[in-house]
Structure formats: C-alpha cells, structure tokens
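K.L.:
Please arrange chains B and C on chain A, whose structure you already have, making use of the hints.
Chains as they are written, first to last, in the working numbering: chain A, 566 to 896; chain B, 914 to 1289; chain C, 21 to 351.
If you're looking for bench data, these hints aren't it; they were derived computationally from the structure. Think of the CB as a built atom: it goes at the ideal place given N, C-alpha and C, for glycine as much as any other residue. All the given hints hold, so there is nothing to weed out.
With beta-carbon atoms standing in for the labels, derived distance ranges: (1) A/G661 / B/D1139: 29 to 37 Å; (2) B/A1140 / A/S667: 31 to 39 Å; (3) A/W868 / B/P1146: 46 to 54 Å; (4) B/K1012 / A/R775: 55 to 63 Å; (5) A/R699 / C/A256: 50 to 58 Å.
Residues on chain A that point at chain C, a partial pick, calculated with CB under 8 Å: (6) S761; (7) L762; (8) F763; (9) R765; (10) A769; (11) T776; (12) V779; (13) S780; (14) G781; (15) V782; (16) G839; (17) K840.
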Amino acid sequence: MTATSDPGARPANKFAAVFASEYLVLGLCVFYFLAFAPFTEGFASRGNFSNILITLLPLFILAIGQTVVLITAGIDLSMTSTIALTSVVGGMVMSGENGWLSNNPTAMPVAIIAMLVVGALVGLLNGFAVTVLRMPAFIVTLTTMMFVGGFAVWLTKSKNIGGLPESFLAIGNQLWLALPLTLTVAIVAHVMLSRSLFGRWLYAVGHNSRTAYVSGVPVTGVTCSAYVVSGVCAALASVLLTADAQTASPVLGRNMLLDVIGATVIGGTSLFGGKGKVLWTFFGVLFLKLIDNSLNLRNLADWDIRIVKGGVILVAAMLDALRNRLAVRGS
Amino acid sequence: MNHKVGRRCPQRSAPREDRTRKNLQTPRPGALRTATSCHPSFPAGAALLFVALAILFLTGCNKSDSTAPAPGDGKQLTIGVSFETLQTEYWVAGFNAIKGELKQRNIKMLEAVADGDANKQLEQVRNFITRKVDGIIIVPKDAKTIIPSIKAANAANIPIVLFNRPADASAGTKSVAVVADNFALTKETVAYMIGEAKKSGKKHKAMVIMGDLGDINAIGRRDGFDAAVKEAPDVIEVVSRVPSEWNQEKAQAGVVNALQANPDISFIFTSSDFLFPSIISALKSSGKYKQIGEPGHVILGGFDGDATAYQMLKDGYLDATGVQDVYFEAKASVQAVLDMREGKPVAEVIKDPGFVIHQANLKEKAPQMWGANVKQ
Amino acid sequence: MDSRNPQQPKDTPLLELRGIEKSFFGVRVLKGVDVRVDAAQIVGLVGENGAGKSTLMNILGGNLQPDRGVMLLNEEPFEPRHPTDAKRLGIAFVHQELNLFPNLSIAENIFLTSFPRAGGPFIARRQLHVKAAELLREVGLEISPIALVEDLSAGERQLVEIARALSVSPRLIILDEPTTSLSTRETATLFALMNRLRERGLAMIYISHILGDVLRLCDEIVVLRDGEVVGNGLRAEFTAERMISLMVGRELDQLYPHRTRPDQTTENSKAAALLEVRGITQPHIVRDVSFTLNRGEVLGISGLMGAGRSELARILFGLDPYESGEILRSA
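Just chain A, with the same shape it has in the complex (with noise of 0.2 Å):
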C-alpha cells in the first residue's frame, strides 16, 4: 500500500497555502515596514529599533510562557498580575530603601532568585487547579489573575518601591544583557518544545488530553508544567520592565494581557491547542510591536491603536479559526 496524500488537508489553492506558510506572518512584518518606514519619520532609526527591542523583549518572553500553555488547550490570564506581584517582591527585597536586603550586594541575585519562585508558585496554583480541581484554565487564571493582583496592591499598600540597586537596572535598559537573557529563554524554550519529551506529551496533551491519558502520558505533570512555566516566564519579564521602569510596581505590566494572547495568536499558535511554535510567536510579538510602535510615532492615541490592534487580533483569531476548520475537515 503506497502512501496517499489527502487532497482536502493541504489546500491546492495557492492562495491558501499562503496562509498556511509559517513566515506568512513574517512577511507580512516586512511587509508593512516596508509600507510605513518611508511615511513615519523615526520608524527607521537606530534609535528606535533599539525603543522598540526593549518593548519587545519582555513581551516576547511572556508569550513564550502563554504559547506552551496555549499548546495544551489552556490560557494563562494571571501572567500580568504575576508580573507584579513578583515585581513587588522583587523590589521588598533589594530596594536600598527598607528593603530586606537593602545594599547588601547579594540583594540583586537574591532578589531575582526570589522573583522567579514566586511565578513559579503562581504556575503551579494554576496548574493545581486546572489539573487536579479540573476547573476550566479561564476561570481559574482570570481568578488568579485578580487574587494576584490584589495581594500585589495589598503587600505595598498601592505604593511603588524604588531605589532598586544599580546592577538590577542595568538588565533593563542595557539591551547586552537583556538581549541574549530573552535569547537564551527563546533557546530554551524551542528545545524543549522540538526535542524533548515534554515537548511532545504537551502538544499530545493539547490535541486531545483524554486521549493522552489513555495512552499512557502523565496529562497532570504535563498540564501543571506549562502553567509553572508561564509562571516563571512572567516573572522573567517582570525583571525586565521593573529594570527598565526602574520602580517596582503593583501594577506593572497591566495592560499587556492583550498583547501577549494577541501576539501569540498572530503567530499562529492556536487557541484550540495542539498547535505553537516559538518561532510563530516571535513573528507575532514582532508584528505587534511593529504595528504598536509606527501608530505610537504617527501620533495615533492610545484608544485609537488599541483599535488597530483589536483588530488585526480578531483577523488573526479568524485564520487560526479557519485553519482548524480546514484541519478537521480533512481528518
């Protein structure tokens, strides 16, 4: 018996396959600097794309955290809350002023250190719930999201935390560290999706996670393990934007939520599970802050580019639609 490729999977339409390429996305960022550079005085600068590279850093590791949990068929909405509450701890600690570690030079590591394990322990509440308590990711991360978020408030009294040591904010605005730290975590996170076991359970896991249960895949580890992970991916871009706002803040990051689901669904992670790549999402998260940063230099107001960005969110949203539609009919 030969091999038969099915007609109906892989549209013979050209046009489709268009849009079934994994650079669409790409091209359409080349595309559109390539319309606005000559018209947006700036969009072209060295300057600029270094404004635009510290912006996109910190989104790009977020939407790598929600591009694994998107790929087992959950949503991480907490991601921004945990972006301040770890911001808040951060600054508890190594702020010069009252903070615990105040001026002792293991402050900043420390500090760090502490960062990440508490969006760890944001994840792994997520993941508890989702996997063990069964509920629906939506409601659990929208709840976290909000008793995060609130504990931030609370611990700070709605007060920003500055005089943060000098080694912790050179992360934020030296784009030599903050580069290769976001690389690695791209790295990283691409091996672990590609080449490793892990890898594999959470895309079998996100098709159907019934059917990975039966065959065998440990659906809890799984399931628990992306959302610690979007966990610790929030608290790294937490160091990041406290570093560059240069204040720990209880409301860091709170308009990114948008953006982060926004970008990665742009790339072409789907919604439904089963389906995401980092590189996808890079593509996304550059397309976003493209479009983010050209309307900002053209003038647009601020609820007029989230206009924009709705909508190019909702078209995005409308091709992962169709491509699982088109999937399923040809299964």
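P.N.:
Okay, now just chains B and C, sitting in the frame of chain A:
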C-alpha cells in the same frame, strides 16, 4: 412538488474519498465537523487582513496631515505631552489647557496618554525622543516611576517639565515641576470655611476626606487641612478622617459610615471635588444636604475647582473650594520648556498659588475657574 | 491468506478468563464470562451493542477491574490496574476510536510513552525514526515515519495504531471494530497483516459487527448476549444466521414483522409522493442519484462502505452541498 430544498453550490477543494467515523471521544471545541461552507473563506480572510492594513494606512495618513506646520516663520517647535491618565476632569482640563496654550504659541503638540501604565509612559517618552521633540511636558503617576523618563530626556538633552506632580529630587535628575501649592491653598480654603463656621458661634464636628496617600498632592492637602484646623481648636473638632484613596466607592462608604457614627457632623472638607457626587449622595440619604442659609446646612469645602463644584457654588450648596489655576500651570509649563531650551535658569519647582473661590467672590473669579469653563 | 489450519486446543492457553462478573450502578453487565485464547489464534468476539464486549475488553486491557472472576495469562494470575500494566505484560488494545494525535508524526505517536532517549529529557530522533520505520515495514505501511498523522487516511491510521500495539512486543492484541472506517482494500490489507501476525505466534481477539469478516478471519468465535457467553466454538461450527440467532436470542424469521405494504398504483403514485430526488451529483461523492419517496413508505438505502449512503443523507438534510440535481418536496 414545488419546494426546492438543499444547499446548492460548487465545491472548490477536492474532498476526501474515505470518510472517517465521527470521533466518539469528548469533542474539543472545533473538533466537530460542522457544516462546510460553500465558499472557502480564504479570500474573505485575505480581504479582511488587507482591509485591516488599509485602515492602518488611512488612519495613519490622516493624522499626519492634520497638523501642518505654520507657513513662513521658521521651524515650528514640537512639544510632546504625556499624561499618565485622563481619568478625572482635572486632567482633561489640564490637557486642554496645555493644548490651548501650545496652539496659541503655534507649537506643534504630540499627545500621549499612558492609562496608568508606567512602562507605556516610558515607551511614549522614548518615542518622543525618537521624534526629536523640542520639549516634553509630562504628568507622572508618581515621583518614582517618572525617573527613567526624566533620565532618558536628560540624556537626549530635551527639557522636561512635570505638570502638577513633582519629581523625586533625590534622583539626581534635571527637571522642572509646576505644582499647585497644595498645602497653602488648602489651608486658605479651610480657613475660609472656618470663618463661616465661626459665624454660628457653635463648635462644629468635622470630617475630612483624604486622597490617596501615595499621591504627594493628597498629603499636602491633608497637612493644609490639619494646619488650618489646628489654629481654631474651639471651632472645629475633627471626628472623622476618611481615606478615599481617590476612589468614589471608598469615599461614599466612608462618608456614610462617618455620618452614621456622628450624625451631627456639620463641616466636611474633601481633598478633591471629584469626590463630591459620593458625598452629596451620602448627605442626601441622611437628609443633610441643605443650602447655605438653610438650617442644618453642612459647611462644605473642596479642592480642584471642577464643574461639579462650580454648579454647587452657583446653586448655593458649596461654601468654598480651592481652585488649581490650570491656566497658570499650563502657561508656566510651556514657558518653562521654552526657557530651558534657551538655556535660561528656571526654578526647579514652580508653584501655582491658585485661589479660593467662595460665595462672595464667585462672579469675579468664575472666569479663572477651569470648572466653570468646562463645556458640558 | 488461504492457509488456515484448524486449531488444536493447546494444553496451556495463553489467556483464560473465568467467571468474569461486572456491574455498573447495580446493573449487571457481565454475568460470569469464560473465554479462552491460545497463542497463534484469532478469536472473534461478537454480540449486540450492550452485550458486554467493550466492558470485557476493558477489563482485559486494564481500564476496568472485574467484580468477580479470575484472569490467567500463561497460567499466572493477571490483574491489571491500569492500561500500562496490561501493556507491560504483553496485551495491546487497539481501540475503536483511534488514540492518535494528528498534530504529531507517526513515529511520535507510536513511541509517545516510550521514546528512545538521548540523555535526559531529549529524544533520540534518528533512533526513533529507525525503530518506527521498522514497525511500519512490519505492518506494510510504506510511509515515512516523520509524516504527520493528520495527513493519513483512516486505513493508514489504523495500521499506525497496530504498529503502536506492536511496539510493545505483545503476545495478545485486542482489535475493537477495526474495519468500520476502512475501505474494502484497506480491510484486505489489515486481514493480511493479521494473518502474518498469527503466523508469528501472536494471539488476537477480534471484535466486529461484520459477521462475514469474522467468519473469514477467525479461528474461534465467541458470542456474547446480555453479559453471558451463549455460543463458543470453532469457526466451522458457525454460520451468519446462527451467530445472529445467538446474538439476539431468537430465530431469524422471528426478527422482523411481516410487511403489509399497500399496493402502489400509478394513479396514486403522484399524490403519494413526498420527496423527489433527481440527478443529485457531488463530484467524488455521489453521481446522478434519483429516487422518489412516497407517503407511508420506508425506503432502505444500502451499499458498501464508501458507496455514499451517509453522504447522500447529509446532502438531503442540507448539511453538505451538492453540485447539480434537484431535491423537491411536496408542499
């Protein structure tokens, strides 16, 4: 036989030969094969995407055409204005005042509103710098979060002025702040109220509604209130201090509780006029919202000078409010930017004295009160 | 495919089930079932829906535990608590609903819980593909192991499932209704494979409704009805009619009521016509199908799998489109 039924349309893509049985496991959303559409949506999806991009293009193009440089007189200056929020009337008034001032001086204005997000505000400031603005006027969320923005502006040698909220002086950055003298103006306002209170000859039980104590303005106003009250211990007894955290609901709850605990409160000062709706509602429900001159009138005073306060003054319910002179602050900010640009020495803190507006000077001072000039 | 030696019952059976009982919520589903399977033998298990076939197989496969009864594997007591127990002891279960992940490759599906490792959590890719290719050769599937399962036809997926079953080197494979989604050609391939496996010494339990296939393939046949074994013996002792009678518990001619159909005269035909279908054509699905349905009439539509019966029904119902023809219904 007359009714035609069924779906009639050409199918584009070649369907499968074998049809798999519907998967009997719990279907995931989207896994059920629902009706196939007549026309594959690729063209629709593509069209939408291109429409989205077209919108981008168009909105973008429109914006840039709207602010054309003035003909003739040399290079037009550009000032970037970044507000942390436009959530209260005061900020909106301030924003418009600055806008008006810049328009008058024929300076191009770039706007940015950050919606409470510190990182976003920083990003917006960076974008201003990329666009090589000649100056920046900024409303920070608080003294600390603004520091990186100031540092960035300093590094790019762009003068930066803080509007209505001061910076943290210890950071070693260079900036000018135009702020209201919260302490003095509040003290003056409360002193006037105390003057009215003295007229009755009785001792008044007083309530003060404080702002978010993370906001340095709120602290200044609280201190001003305390200072004024201290000087008249036999007229005023403070029985309630409500921490509103600049939140309507908290203010309302606090006022309601305070009135229940002390039903004979007859003197209320609020650190910001925008909390009046809550206060009025609480007073009305305990039947204590009376005009000046009516028996049982509670002496009311506020701060900011917004449209609500103006209406209350006109209607005779409000005794006094300390008005932040938004027009002064806007003028001073713009002037400070220009002065700094030219290298002239500018004070680090420029104080807006403001003024107290009350029943006696209402007509005279109304034009200077920004709340009176807000278009409803 | 033609060499079939009548099996002599061996002295030590590979598998023995004695007195298996199982109830769900007070409903007795299995009332004392005895089954015996020898090595190199295909045993057919038939029965109506609800007879207890799936329950019995689930018990054998470790998904359920019997309330009473004993299972012996090579004379050793066999009490699997989980599918992995059963797998370890050499019993593989190919379910009716394929437990495959279309978003993963063939090789990944086969070795999902038994990946060859390259140190730590990483998968040894080359080894994985080599092993998978071996298994694919064994089942006669000439497709690259890195192909995604979503590109395979139903028959090919079935073979992948069997390859997966073979990857644990089983002694017994249970096949639950494997041919429902297969075309005639694919079924033939499957049977050829099963014969080859039998010659290698594997035992198989074959559950199916298609009695003709059971008679073709199996050495012994077990008939279940209402949780009890009502018929058990060599293939030669059974005919389709006998199997059906045993399955339903009545003689065949008692199964259907006599038809009292009113005579159709041509004058009445137009008035009685309810639905008229003319020349319905949908490329690759149905071609030029026409019929008339009259009031008070039951129209039977039959054909082989793949003939287009269900597809026609969907078209009539409006779920799927058609290219040409007419469907008319009376007012």
